[in-house]
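Chemist: So the sequence lines, in the order shown, correspond to chains V and S. Each residue of the first sequence is one higher than the one before, starting from 1 at the first, in this note's numbering. Each residue of the second sequence is one higher than the one before, starting from 334 at the first, in this note's numbering.
Honestly, I wouldn't trust all of these hints.
[Claimed, not checked] In silico SDA-like cross-links for lysine to any residue, where the CA-CA straight-line distance does not exceed 25 Å: (1) S:Lys-349 <-> V:Leu-4; (2) V:Lys-2 <-> S:Leu-654; (3) V:Lys-2 <-> S:Met-675; (4) S:Lys-349 <-> S:Pro-543; (5) V:Lys-324 <-> S:Pro-543.
Hints listed in this document are in silico derivations from the structure and should not be mistaken for laboratory results.
Spelled out from the first residue to the last, the chains are:
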Amino acid sequence: MKKLLVSPAPHLHGKESTRGLMRDVIIALSPSLLVSIYFFGFSAIKLALVGIISCVVVEYVIQRYVIKSTKTINDYSAALTGLLLALNLPPNSPWWLILIGSIVAIGVAKMTFGGLGQNLFNPALVGRVFLLVSFPVIMTDWTIPVSWFREGIDASSGATALSIVKEGLAKGLNMDQIFQANDFSYMEMLFSKIGGSVGEVSALALIAGFVYLLIRRVIKPHIPLSIIGSVIVITGIFWLVDPQQYADPIFSVLTGGILIGSIFMATDYVTSPMSKQGMILYGVGIGFLTIMIRYFGSYPEGISFAILIMNACVPLINKFMLPKRFGKEVKNG
Amino acid sequence: MSKTFSLGGIHPHDNKISAAASIENFPLVDTAYISMSQHLGAPAEPVVAKGDIVKVGQLIAKSSGFISANIHSSVSGVVSSVELLPDLSGTMVQHVVIKVDGDVWMENIDRSEEIVGEIKLSGPEIIAKIAECGIVGLGGAAFPTNIKLSPPPGKKAEYLIINGAECEPYLTSDYRIMVESPEQILIGTKIMMRALNVKNAYFGVEDNKPKAIKLLKKIAGKNYPEIKIVPLTKRYPQGGEKQMIEAITGRQVPSMGLPIDVGVVVQNVGTALAVYEAVQKNKPLFDGIVTITGNCMTEQRNFRLRVGTTFDTMMYAIGGLPKDAVKLISGGPMMGKAVCRMDAASVKSTSALLLLTEAETKRGVESNCIRCAKCVDACPMGLEPYLLNRLSRADRIEDLEEHMVHDCIECGCCLYTCPSNIPLLDTIRLSKAQVIKIIRSRPKK
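I would like the entire structure built from these sequences, with the hints used as guidance.
Modeler: Structure (structure tokens):
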């Protein structure tokens with residue numbers, strides 16, 4: 001007699017999987033990767049490869065020999081961490097730098113908590129910040145390496161726009177003078193920025209990835225939009241008060257990793273809030289902290305620290321920012 | 334513009350592959366196995382014994398409590414036994430087994446095709462008639478209809494809502510009766526409006542059934558202007574009672590509350606037809622429209638099926654169980670029950686028999702929760718399934734109550750949407766039952 005399957009409802013399941021979602025994020029990062037390969041050539045490829053391979057190997061070794069659980073490297077999350085870490089480093093970083101970063105990201109920030117879904121902090125960001133505080137010279141050396149495709153770049157013009165502004169202000173220059181001296185243009189920032197980490201060369205490529213993630217419903221727009229919105233509002237207020245001391249809002253959004261941070265780092269499922277209200281609070285918190293660090297701290301950028309600080313607040317946000325319940329506030333009439 | 338509910342929901346493929354198949358009468362069976370527990374509440378008490386001769390529509394068991402319902406024979410023949418037999422999930426339930434001999438109906442049942450529009454009975458008479466004919470809600474829960482039509486003292490119904498959403502994928506039985514008997518359903522609606530003493534009724538239909546909406550609008554517009562046909566967005570669980578009330582009236586049924594708390598009574602279209610047949614045609618509820626469907630079947634069918642037909646007989650009628658079918662579901666794929674006994678029989682509220690292949694129904698291997706919040710977004714009650722699952726597994730009953738596990742409507746959206754294949758609803762369902770038991774056991778204030 002034929003045997004029938006018996007199980008509780010529902011008997012249908014959606015087609016989404018963890019692996020598919022991670023793959024979609026990697027696809028969304030590919031325009032940025034391609035643009036960075038165009039600008040930085042072999043060093044971008046090298047960083048991405050070393051990052052991905054070392055993250056996957058570290059995760060496999062820990063999963064297999066230390067925590068002895070089921071195999072998890074197939075879900076692409078380790079590969080994604082490696083790629084994100086690579087895209088967040090200066091283009092001229094040596095291969096061993098990203099190797100150390102990967103060991104910290106996967107070994108310390110992810111696997112010690114129990115692997116995927118358990119970590120409190122975004123692994124790629126922990127890796128990046130570890131490198132930033134341990135190797136400050138390399139991590140702020142924005143010299144552009146020689147590319148196969150694009151020759152004749154002035155190798156000395158590698159500082160990030162934000163550090164140029166910060167140094168300029170320290171020297172007593174005002175915004176107009178800094179902008180004139182450095183020839184900043186928004187078009188150039190959209191397509192190919194002057195300096196910055198591997199992945200943020202082109203704002204347009206990052207935005208293309210954002211649109212892809214939204215269309216595929218991998219992420220919701222709440223976190224990125226609330227970060228970008230709050231950055232615009234806060235920097236706008238400062239700018240209106242004193243346009244010679246503070247950069248304008250558009251410049252502030254297009255520089256210093258706001259886009260890659262808000263689209264790809266802050267939206268990490270594991271380390272971001274569950275409810276939509278919580279996501280907005282989290283995003284505004286990141287935007288606020290980023291600008292405070294930029295204006296009053298010693299680092300010119302700041303979004304990495306802002307995201308990590310807000311990561312630590314996520315359990316609290318989840319506890320107090322509950323989703324809207326059905327039938328709780330009854331409006332009958 | 335179609336209306337819809339405010340929170341959550343999913344969009345599974347609707348797979349209404351049997352929509353075009355007209356309703357056909359299911360061939361007479363050899364033996365009918367009629368369960369005494371076809372409704373919510375106390376089982377009915379048999380009033381026949383072995384050897385009795387019964388006719389189609391004859392009372393064979395009577396309601397045995399406040400929440401219970403009469404049961405009538407669906408066939409004519411000789412009662413061969415009254416015994417405990419397994420239902421579709423294997424629970425032993427009292428059944429009246431009738432050996433079929435011919436098809437002799439009770440003389441007082443009007444079997445003509447003529448549509449009777451004039452309602453002669455008064456409100457209380459209608460409710461008594463509905464109770465006598467053993468009508469239960471055919472939307473799934475099988476709650477006795479006469480009780481639903483008699484609001485408790487102090488509560489007054491303002492609207493009657495007829496639920497024609499049929500938001501479950503695959504099911505087409507409600508659709509078929511809406512296109513084949515629209516006038517009868519609208520008369521049934523009028524009858525229930527009189528019983529409830531309400532002036533307005535809304536009739537919600539999902540907008541993937543444009544033919545039904547057009548037909549109902551045409552007839553209602555001409556003869557029954559007090560019944561408004563409301564197109565609803567195709568979105569699961571649009572047909573959930575609370576979701577439908579919100580979509581149509583904007584009112585939210587409070588936690589642990591009933592629709593009557595916001596002045597609404599909801600009845601399914603199948604119930605409206607059964608009410609019409611009972612009140613106008615004197616026909617008790619002993620059959621129903623059942624969709625037999627599945628992508629693995631060559632032919633999709635909609636049958637008028639007598640209560641007490643076994644799943645084996647149904648399979649035989651469609652030419653046997655298809656080779657690649659691994660799961661039989663009584664009801665829809667989102668909330669229906671998997672059949673574990675082929676010798677179990679259909680009941681009043683059986684609406685479909687769905688056959689799924691392994692590829693269609695396979696659950697993936699569970700992996701770590703990645704906190705993607707897709708379950709939170711999908712939950713139409715605004716709950717946090719990921720959290721309820723964790724609390725359930727840790728048996729944290731107090732926290733579960735604080736996080737409103739008792740509001741779960743078991744629609745299955747969370748489990749459907751989970752990319753990590755976590756059996757969210759399985760664990761939530763267990764703890765929900767526990768929490769509701771605790772809440773109910775508390776002394777009332």
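Chemist: Which of the numbered hints above does this structure break?
Modeler: 5
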